[in-house]
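Given the structure of chain A, go ahead and fit chain B onto it with the hints provided.
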Amino acid sequence: MITVLLFAQLQEEARTATLTINEDVLTVNQLKNQLINAYQLYQVNECMIAINEEYALDIDEIKPGDTVAVIPPVSGG
Amino acid sequence: MGQELFQIVESPIETETVINKVKGREMGAITTFIGTVREYTNGKRTIYLAYQAYTSMAEKMLAQIGGEIQEKWPGTHVAITHRVGALEISDIAVVIAVSSPHRKAAYQANEYAIERIKQIVPIWKKEHWDDGEAWLGDQLEQKAYPNGKPEIEGGGL
Numbered sequence: 034m035i036t037v038l039l040f041a042q043l044q045e046e047a048r049t050a051t052l053t054i055n056e057d058v059l060t061v062n063q064l065k066n067q068l069i070n071a072y073q074l075y076q077v078n079e080c081m082i083a084i085n086e087e088y089a090l091d092i093d094e095i096k097p098g099d100t101v102a103v104i105p106p107v108s109g110g
Numbered sequence: 203m204g205q206e207l208f209q210i211v212e213s214p215i216e217t218e219t220v221i222n223k224v225k226g227r228e229m230g231a232i233t234t235f236i237g238t239v240r241e242y243t244n245g246k247r248t249i250y251l252a253y254q255a256y257t258s259m260a261e262k263m264l265a266q267i268g269g270e271i272q273e274k275w276p277g278t279h280v281a282i283t284h285r286v287g288a289l290e291i292s293d294i295a296v297v298i299a300v301s302s303p304h305r306k307a308a309y310q311a312n313e314y315a316i317e318r319i320k321q322i323v324p325i326w327k328k329e330h331w332d333d334g335e336a337w338l339g340d341q342l343e344q345k346a347y348p349n350g351k352p353e354i355e356g357g358g359l
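Quick mapping for you: the protein sequence lines, in order, are chains A and B. Per our numbering: the first sequence = residues 34 to 110. Per our numbering: the second sequence = residues 203 to 359.
In case anyone wonders, no lab produced these hints; they're calculated from the structure. Zero decoy hints are in this set.
Computed spacing ranges between beta-carbons, pair by pair:
1) Asn78/A / Arg247/B: 27 to 33 Å
2) Ile54/A / Gly226/B: 46 to 52 Å
3) Leu90/A / Gly230/B: 40 to 46 Å
4) Arg305/B / Arg48/A: 49 to 55 Å
Chain B is faced by these chain A residues, among others (derived, beta-carbon under 7 Å):
5) Phe40
6) Pro106
7) Val107
8) Gly109
C-beta atoms are modelled at their ideal positions from N, C-alpha and C, and glycine is treated no differently.
Extracted from the complex, chain A is given alone in its bound form:
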C-alpha cells in the first residue's frame, strides 16, 4: 500500500488530501500515469514527486509503505 499526498489545486480536484494505491512496487512515472488515468489529475504532468520527503526522479521506485507527495510548482515566499 502506497500513500499519496495531494496539495493545492490537486487536492481540490481530487476532493481529498490523501489517496491510497494498492501496488507492490512502481516507478514514479508509473504512479503519475496512474494518477492521470484513474483520477484524471492532469496537472500531475507538471508536478514533482517526493518519496518520503525527498524529491524523486521519474525512474525512481516507490515501495509499499512509502509516503509519496505530488508537488505542484511551488509558490511560497
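Chain B alone, transformed into the frame defined by chain A:
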C-alpha cells in the same frame, strides 16, 4: 515560537524572534527579509491569500537551504520562518534572518534564501480576488520546472 531555526507556523510571525535566533557576538551584520502580502499584482486586487504547506518536508527543505548557505558563505547563521493559513494584505508571510561577521555575505545569503524558497520549498499560495480564486504556479514567472525538476542541488550566485 520555539528556537527551531526553520519553521512553518500558523500564527503571525514575530520578526524579532527570528532575528534573535541568529544573533551572536562574532556577528557584525544581520540582514532581514520580510515577505508581505501585496494587494495588487499586475493590476489585479487581492482580497486575501491562503498558504498551504507540506509542513514536514517544507521544514526539511528550509533546513537544506540553510545548509547550502553555510557552505557558500561560511560563518553565517540562518533562520527562516514561513507562515501558512489565511493571510491578509500586509501580513508577514516569511521572515529570513541571516547573520554574518561581515555585511556582504549576510546580504547575498539572504537573497539566495528567498530565491531558493521559491524553487524547492513545498508551499503553495492561493490568491482570492473579488471575482475568483486560483492556486498560483511558480513565482519566478518561469515555465514550471524548466529542467524537469527543481534545482535541488542549489544554483545561482
